[in-house]
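S.K.: Put together the whole structure using the sequences plus the hints.
Just so we're aligned: the sequence shown equals residues 1 to 318 in the working numbering.
The set of hints was computed from the structure by calculation and includes no laboratory data. Hints may contain errors.
Said to hold, decoys possible - Listed below are the simulated BS3-like cross-link pairs for lysine-lysine, each with C-alpha atoms no more than 25 Å apart in a straight line:
| # | residue 1 | residue 2 |
| --- | --- | --- |
| 1 | 98 | 215 |
| 2 | 98 | 295 |
| 3 | 299 | 98 |
| 4 | 154 | 98 |
| 5 | 215 | 228 |
| 6 | 154 | 37 |
| 7 | 154 | 299 |
| 8 | 154 | 228 |
| 9 | 299 | 228 |
| 10 | 228 | 295 |
| 11 | 295 | 215 |
| 12 | 98 | 37 |
| 13 | 215 | 37 |
| 14 | 37 | 295 |
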Amino acid sequence: MSDTILRTSAPAITPDPELFDQAILGATTRDWLALLKPRVLYLVVYTGAAGLLIAPGPINPIIAFTAILCIAMAAGAAGSINMWYDRDIDAIMRRTAKRPVPSGRISPSGALGFGVGLSVLSVLLMWLATNFLAAVVLAISIAFYVFIYTMWLKRRTPQNIVIGGAAGAFPPIIGWVAVTGHLALMPIVLFAIIFIWTPPHFWALSLFASADYEKAGVPMLPVVAGAKATRLAVMRYTLWMVPISLLPYVLHLAGPFYGASALILGLVFVWYSLGVVRDKQDAAGVSLTRDAPAKAAFKYSILYLFMIFGALVVDHFL
1 MSDTILRTSA PAITPDPELF DQAILGATTR DWLALLKPRV LYLVVYTGAA GLLIAPGPIN
61 PIIAFTAILC IAMAAGAAGS INMWYDRDID AIMRRTAKRP VPSGRISPSG ALGFGVGLSV
121 LSVLLMWLAT NFLAAVVLAI SIAFYVFIYT MWLKRRTPQN IVIGGAAGAF PPIIGWVAVT
181 GHLALMPIVL FAIIFIWTPP HFWALSLFAS ADYEKAGVPM LPVVAGAKAT RLAVMRYTLW
241 MVPISLLPYV LHLAGPFYGA SALILGLVFV WYSLGVVRDK QDAAGVSLTR DAPAKAAFKY
301 SILYLFMIFG ALVVDHFL
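M.R.: This is the structure we're talking about:
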């Protein structure tokens, strides 16, 4: 199994001009938007906007909107390149087989060109609208997701989500730097919160999607180490996440409203993770039910991130 995983790579592109034209002309606006991974964009834009809103110093509303738009464009661009590179395994997995590239609605070349074009445009626009450092961090976030996570880690190690989680943790830093032009302790702490949140979030997903990952040869933790080890890892990272989420309050970077919110939200996350640890439905050969603890924990993890960053913004304006 491990040898198969290590050898897995995206197939080379040998575009047929006629097929390329058909794929481009036949694609709908909805298909092109799907390339951006809109479900991921919500969290990226939200956390980026939170970093921008709590940053010290004024910013013109139009510039602020442009900065958030650039974050969205960059995240969507990375998602499009990811779909180009992962089209072979996406076609195998049930939950991704209907994506525009593996289903043939958009050609691989079209997805790659769309992603590269958006990447360049987002970085240049961020530089022109805000500052050079914000553009650099934005470029690093795209490169990390594409080259470090997608092309290097995802198909080679079960630590893909742990290290690759950094890609999704950049938005609050970008939002902050777009306003201030420099780094500070607060955006680094926010980066750490998302970074440590990512493993329990994705491992909960991988528990009920492990058959897909195994079929595609992706070494997600349940495939390599088993469901039991994954359940324990979800709990372990959740327990680490709670004290890290309290750092803004402990370091006097945020007030008591945030501190109380982070503690309550974190304890609820621990409760959901405890349900995952106790769950036996993800044993081999057993299908998960709709209300399985892994699915419940995955859904709550998304709500958690929305709520904790919302609490941070509310606390800031209080």
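S.K.: Next step is simple, just say for each hint if it's right about the structure.
M.R.: Quick rundown of the hints versus the structure:
1. For the hint pairing residue 98 with residue 215, the CA-to-CA distance comes to about 16 Å; that is within 25 Å, so the pair holds.
2. Of the pairs offered as hints, the one joining residue 98 and residue 295 holds, with about 21 Å between alpha carbons and a cut-off of 25 Å not exceeded.
3. For the proposed pair residue 299 and residue 98, the alpha carbon gap of about 22 Å is at most 25 Å, so the pair holds.
4. Restraint check for residue 154 and residue 98: satisfied, since their Cα atoms lie roughly 20 Å apart, inside the 25 Å limit.
5. For the given pair, residue 215 sits about 19 Å from residue 228 by alpha-carbon distance, which is consistent with the 25 Å threshold.
6. With a C-alpha separation of about 17 Å, the suggested pairing of residue 154 with residue 37 holds against the 25 Å cut-off.
7. For the hint linking residue 154 to residue 299, the alpha-carbon distance of about 22 Å falls within 25 Å, and the restraint holds.
8. A distance of roughly 21 Å separates the Cα atoms of residue 154 and residue 228; the hinted pair therefore holds under the 25 Å criterion.
9. Using a Cα cut-off of 25 Å, the hinted pair residue 299 and residue 228 holds, with the two alpha carbons roughly 20 Å apart.
10. With a C-alpha separation of about 16 Å, the suggested pair residue 228 and residue 295 falls inside the 25 Å cut-off, and the hint holds.
11. Taken as a hint, the residue 295 and residue 215 pair is honoured in the structure, with Cα atoms around 20 Å apart against an allowance of 25 Å.
12. Taking the CA atoms of residue 98 and residue 37, the gap is about 13 Å. The hint holds against a cut of 25 Å.
13. Restraint check for residue 215 and residue 37: the C-alpha separation of about 22 Å stays at or below 25 Å, so the hint holds.
14. Under the criterion of a C-alpha separation no larger than 25 Å, the hint pairing residue 37 with residue 295 is consistent with the structure, at around 20 Å.
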